[in-house]
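One line per chain: the protein sequences are P and V, in this order.
Read in order, the letters of the first sequence are residues 0 to 732 in numbering that gives the first Met the number 0.
Read in order, the letters of the second sequence are residues 0 to 151 in numbering that gives the first Met the number 0.
Rather than coming from a laboratory, the hints here were simulated on the basis of the structure.
Treat the hints with care, since some could be wrong.
Computed footprint of chain P on chain V; a stretch qualifies when at least three of its residues, placed anywhere within it, have a C-beta under 8 Å from a C-beta of chain P [said to hold, decoys possible]: (1) 19 to 32; (2) 42 to 52; (3) 70 to 82; (4) 93 to 101; (5) 115 to 126; (6) 131 to 139.
From a predicted model like this one, the values you see are computed outputs, not experimental measurements.
Cβ coordinates follow ideal geometry from the N, Cα and C atoms, glycine included.
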Amino acid sequence: MTFMDKFFAKRSAATFRPSRRQFLAGTAAVGAGLTIGFPASGQAPAAAVPNPFAGYVRIGTDNVVTVMSAHMDMGQGVYNGIATLVAEELGADWSTIRVDGASGNLALYGNAAWGGTAQGTGGSTAMSSSWERYRRAGAIARTMLVSAAAKAWNVPASEIAVSKGTLFHAASGRGATFGAFADAAAKEPVPQNVALKSPAEWTLIGKQGQRRYDSAPKTNGTHDFTIDLRFPGMLIATVEHPPVFGGKVASVDATAAKAVPGVVDVVTIPTGVAVLARDTWAAIKGREALQIVWDETSAEKRGTAELRAEYLAALDVPGTHVADTTGDAQAALGRAVKTIEATYEFPYLAHAALEPLNAVVRRQGDIIEVYGGHQIPDLYQALAARAAGTTPDKISMRIMKTGGGFGRRAVGDGDVVIEAVEIAKAIGFRAPVKLQWTRETDMAGGRYRPMYMHKVKIGIDAQGRLAGWHHRIVGQSILSGTPFAGMIQNGIDVTSVEGVAHTVYAIPDRRVELTSTQVGVPVLWWRSVGHTHTAYAMETAIDEVAAATGKDPVALRRELLAGKPKHLGVLELVARQAKWNEKPAEGIYRGVAVHESFGTTVGMVAEIRMTSATEFKVERVVAAVDCGVAINPDQVRAQIEGAVGFGLGSVLRERLTLEGGKVVETNYDQYRPLRIDEMPKVEVHIVASNAPPTGIGEPGVPLIGPAVANAYAAATGKRIRALPFETGVTQGV
Amino acid sequence: MQMQLDVNGRKIAVDAPPDMPLLWVLRDQLGMTGTKFGCGMAQCGACTIHLDGQPVRACQTPVETAVGAKIATIEGITDKIATAIRASWVKLDVPQCGYCQSGQIMSAVALLRENPKPSDEDIDAAMQGNLCRCATYQRIRAAIHDAAKSLA
Ligand code: FES
Ligand code: FES
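When you get a sec, could you build the whole thing from the sequences and use the hints?
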């Protein structure tokens, strides 16, 4: 069993049995106030399991309500969303809400959408995992506050009203703020059954005017990111990695680096060479002065051009695995009177979050504190303990908010976090260490959205119906070789084929094949994972079918989505809002796409204007989304707006190229995300729903590429099948 | 090298190599961490500050060239325009992660000082050096218009 296997085996078998003593220790640690927790509904009957106290909400004697979040906030707004759930049921005053990241208790923080087996933020699950759990936490806390007040005032609990952080008893005219009863409430028995509000009673959930609690500190420079942490005596570290993936340090001459004023130390760690200095500039200058001989014998030396040739060859032979076989694609293709054949190319993509990766480590007594954007905190804790040569209970995980993430802070080996521990260990933990990757370290640091290629053959019969869909995908597995490899089923990495295999479209005869390639470039999930490429292939291919059969693209989708009310609802809403049935304005061309990911269905219509024979501007995007209940409707809109900009930048010109195994685009001058001048107007329409919430951080991303490509085809008759567009346009067919 | 800087109206003595970018003097020496690091090569705008009222990239400003100039950072701009910009940013919930927003606000304040009623095109031209990886651009545009209106 590998370390990872053991870690996860232990996790899944773990049961949580807190004692009264642990609970008291927990409340003592946070100072006076109330700490409360419980399992997600349906997980464990009250009689069988002691109340799993500690960790969801803390009410200070100063009336501040601190929500302890199981999920990490990288800008997607989960802290705000979870705070909304608690505040709604608690009856809290929104202006007193704070949120902290929490970890170290699987029973409380295990991701409910993953069966509670690990704490983590990913797959756009934060709100679905939190929906029951945090509303219930708010309701239980309110009930305990009320019983404490009822005892103190000697009145029936049923006569006490709660509103905006205050308890009232009308008949006696008594009232108090939450803080006054925080201590007493913590000692009340924990109610096993609490009723949650019905949607009609909501005052925060689903409300249009509701604002984020954390916007103000983001406008005056006080929102604290990992990069902003400062401790007395702290050293700043930069790191030099091998220039090619799989390289190793052969020898280091640190003389010149150590001569740079401000440089304190140079240490070799398993992943490279680190320079420690009194400030960041010295650490950067010191790194430039390093003389390192690398051992590249087992390194990946292929470039993307070589990989492309290999992938193209792999597309010509049957895939090694079959991910979906329904009906008989081969026979159906035999009946076809017309076929569409297309090859799609998708480059490596970097997350390129604006805060370059970092982590801070300091020893306090016998505890090692590890600060960072811990997307999988318990795993990182175990990895940090192993790296530091100690036990997990000696590692204190401090979860920071980050300047973006997009999947990059959820890494199976904990990269930058563990690297920071290694560096601190190399200097004997004698000073706090902030490891700050530069933009170049970040961009060349691997963990990319894998490069993929698809080859599609679609048949159309004499009646204009689909007659066979054959789809082959070639690319690296994201899950293979990670702690998540257990999710690979029968050799199929679902993240390589999601969105194509088992499509919702009524395609009776289909076959989806997969060949997972072996390449030494580390890969990772990138906002919306497999859907980043599968939705592009599917939605542009469907558009080609519409063109080949003379059908309207919306009408064809309507036909193929018959019996799928959620998809149809979104399709109809976006078509109506975009006035699809009317002729577009002079010079405007439109494209449509519909796709489901992370339980959420999104439809988009992109409107473009050609500015030359091959160039265009995306002027407007109309989106419709069904994500179940929209907890914060304005944040749902914000996520779709952001997803449009993020996704549009990626299809227009983002690509990560390797030459001889080395990364070419190491900063924003060559790797070019969207800027403001290319941001279209985005209009978001939300399907009204009281169904439990589904994902919203990712599902908007996959749509914009195909919607724009389909608009481009409407304008020019040309299909863009290679991304980014600046490549694909020249190869247009 | 010993230097005296004028940061947000305060005279501050610093001791730094003359080529150290002002960004790191502000962040590491003065503890003013509101100004962010994103690229280190004038590509992202996260480090935008004002030097004698002009928006500049602190990562490309050697500290010695800032001696004698009035330096303003996100922590220090509190004039009417900055106040209006902040209010509109909060009103429209512009930030997602927030990391780029110090730089966005510094650029937006400089724009409104020059041009109290900018068009979308003016905004795009003035703000295109400021990357937002969360792509909050639509709200940035809207908030600048909103602030301009509130100041009119
Ligand atoms: S850090 Fe200065 S422009 Fe990016
Ligand atoms: S808000 Fe995240 S980079 Fe702009």
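Quick check: do three or more residues in the segment 42 to 52 of chain V have a beta carbon closer than 8 Å to a beta carbon of chain P? Result for this restraint: holds, n = 3.
Taking beta carbons only, do three or more residues of the segment 70 to 82 of chain V come closer than 8 Å to chain P? holds (count 3)
Annotated coverage of the segment 93 to 101 of chain V by chain P, confirmed only when three residues or more have a Cβ within 8 Å: holds (count 9)
Given as covered by chain P, does the segment 131 to 139 of chain V meet the bar of three residues or more with CB within less than 8 Å? holds (count 9)
How does the segment 115 to 126 of chain V fare against chain P when you require at least three residues with a CB closer than 8 Å, holds or violated? With 4 residues close enough to chain P, the hint holds.
Do three or more residues of the segment 19 to 32 of chain V come closer than 8 Å to chain P, measuring C-beta to C-beta? holds (count 9)
Consistency note: the structure conflicts with none of the earlier hints.
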